[in-house]
Amino acid sequence: MSKLQPVRGTADLLPDVMAQHRLVIDTARQATARYGFQEMATPIFEFSEVFSRPLGESSDIVTKENYSFADRGGEQLTLRPENTAGVVRAMISGGLTQSLPLKYFYAGPMFRYERPQKGRMRQFHQVGIEYLGPNDALADAEVISAGARFLAQLGVLPHCVLHLNSLGDAESRAAYRAALVSFLQTHESALSDDSKRRLVVNPLRILDSKDTGDRDILQTAPKLQDYLNAVSKAHFQTLTTALDAAGVTWVFDPLLVRGLDYYCHTAFEFVTDALGTQGTVLGGGRYDGLSEMLGGPAVAGVGWAAGIERLAMLAGDAAVVVPKVAMLSTDPETDLAAFQLAETLRDTGVDIEFPTAGAIGKKLKKAARSNIRLAIILGGDELAKNTVQLRDLTTGTQAEIAMADLADAVAAALLAP
RNA sequence: GCGGGUGUAGCUCAGUUGGUUAGAGCGCCAGUUUGUGGCACUGGAGGUCGCCGGUUCGAAACCGGUCACUCGCCCCA
609 MSKLQPVRGT ADLLPDVMAQ HRLVIDTARQ ATARYGFQEM ATPIFEFSEV
659 FSRPLGESSD IVTKENYSFA DRGGEQLTLR PENTAGVVRA MISGGLTQSL
709 PLKYFYAGPM FRYERPQKGR MRQFHQVGIE YLGPNDALAD AEVISAGARF
759 LAQLGVLPHC VLHLNSLGDA ESRAAYRAAL VSFLQTHESA LSDDSKRRLV
809 VNPLRILDSK DTGDRDILQT APKLQDYLNA VSKAHFQTLT TALDAAGVTW
859 VFDPLLVRGL DYYCHTAFEF VTDALGTQGT VLGGGRYDGL SEMLGGPAVA
909 GVGWAAGIER LAMLAGDAAV VVPKVAMLST DPETDLAAFQ LAETLRDTGV
959 DIEFPTAGAI GKKLKKAARS NIRLAIILGG DELAKNTVQL RDLTTGTQAE
1009 IAMADLADAV AAALLAP
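Per the numbering used here, residue 609 is the first one in the first sequence, and the count goes up by one each step.
Check before you lean on any hint, since a few could be wrong.
As the list claims (entries may be wrong) - Calculated cross-link-like contacts (lysine-lysine; reagent style DSBU-like; alpha-carbon spacing at most 30 Å):
no., residue 1, residue 2
1, Lys-831, Lys-841
2, Lys-973, Lys-932
3, Lys-993, Lys-970
4, Lys-974, Lys-932
5, Lys-726, Lys-804
6, Lys-818, Lys-804
7, Lys-831, Lys-818
8, Lys-804, Lys-672
9, Lys-726, Lys-818
10, Lys-973, Lys-993
11, Lys-993, Lys-932
12, Lys-672, Lys-818
13, Lys-726, Lys-672
14, Lys-970, Lys-932
Hints were generated in silico from the structure; no laboratory data involved.
As the structure is a prediction and not an experimental result, all values here were calculated from the model.
Throw the hints in and build the complete structure from the sequences for me.
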């Protein structure tokens, strides 16, 4: 690495990309605020156990895919790989279980040590919501509707399909898991090597295997929905009825699963085929068991997270906000007066560009190229008369006006179409 | 972690079977225009050909390694 380059899997967010991120974040905040979700933030790093306890100390995720380190005091810390655990930890730490329900929105960077691909960075960014407290299906419906509304406002919902499944409650899950494992064990020799391994560490994940041989076997495997008990069936029924009533379209995806035990009932993903293999754009579900795994009281929760990079790619270009007015001094003798005049105009609420170097011709050229609409030109002649030249760069018209009238003239010119 | 592809100027890319000072367009800078932009013309800057090593009289090109990006697998809290 002789050239100075960013760390693998990280990227600078230069203004045009940052504007896309800004649009995604602002749209998410506004869409979820409509449901009462309030923005909050947790620290970017936590004690490692916040992330390792729900996952299991020895899982691949914890041992291979987290950015973990000991700080100078010897504390084992981890850069957050996702934000749900941090939000639930904040609820427990702050005694917020006295104030349920909680509806939180967040946005920020997450860190996972994975092999980078398009739409999969080591530092990436997410927006998300968590709804803590309720365990009823209408809460799930509201969370999913908020996600759909966000994607719709961003203009990407037409490119996405909402996949929906029910994992059932703990009892249903356990019963299904046992049935699936015993079925797959009778077919173990025909499974792919990956799935043989998954059969031990995470059997539900075999359901979304991409191996064609595995898929053939799964044709005759026991179905998750056949193992849902009455409570689980009712939960899913209420959810889908509510989504239909809200006009949120969805498809049943019996192979959509979550591997970890604290998940239950609802699992959902908005998926696009426009981004290659990294197609999930917003995903989430219900995690009623998480708070207890973190050492807190039993508090139900449901939420989602969405990848800002992927959404930005789908949403396309966003406008970078730049000044529409430039203050141009013709020579060094008028620089200070122009600087002062620019300040007084900024006081009136106008964004002003003030190029400090170059001849007036160069300044005008630069202004025109950067889509500046109005150029205020101040030279010695004008300064002596307390006037400026106000030039409209789109029409090429120019007028001499008194400095006292400048703020009004600029405001009027910017209002014109 | 595994497999495939790619890497030449700020950007998009040429570069013949290995051959002498590595090119184009766009962009950038300057001039034609010393107080007025877009157009045009002229000129200029910018590259140890991702990096390291090897083969060779000679490497941007061939070989090995490495780094990064990319496509897929794995993982996906």
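Evaluated hints:
Using a Cα cut-off of 30 Å, the hinted pair Lys-831 and Lys-841 holds, with the two alpha carbons roughly 14 Å apart. For the suggested pair Lys-973 and Lys-932, the alpha carbons sit about 14 Å apart, so the restraint of at most 30 Å is met. With a C-alpha separation of about 25 Å, the suggested pairing of Lys-993 with Lys-970 holds against the 30 Å cut-off. Taken as a hint, the Lys-974 and Lys-932 pair is honoured in the structure, with Cα atoms around 12 Å apart against an allowance of 30 Å.
Restraint check for Lys-726 and Lys-804: the C-alpha separation of about 29 Å stays at or below 30 Å, so the hint holds. Of the supplied pair hints, the one linking Lys-818 and Lys-804 holds, its CA atoms being roughly 14 Å apart against a limit of 30 Å. Under the criterion of a C-alpha separation no larger than 30 Å, the hint pairing Lys-831 with Lys-818 is consistent with the structure, at around 18 Å. Restraint check: the Cα-Cα separation between Lys-804 and Lys-672 comes to about 20 Å, which is no more than 30 Å; the hinted pair holds.
Taking the CA atoms of Lys-726 and Lys-818, the gap is near 19 Å; set against the 30 Å cutoff, the hint holds. Proposed proximity of Lys-973 and Lys-993 is supported: the alpha carbons are some 26 Å apart, at most 30 Å. This hinted pair checks out: Lys-993 and Lys-932 have alpha carbons roughly 26 Å apart, not beyond 30 Å. Restraint check for Lys-672 and Lys-818: the C-alpha separation of about 23 Å stays at or below 30 Å, so the hint holds.
At roughly 20 Å between alpha-carbon atoms, Lys-726 and Lys-672 fall within 30 Å of each other, so this suggested pair holds. As the CA atoms of Lys-970 and Lys-932 are separated by approximately 17 Å, the hinted pair is consistent with the 30 Å bound.
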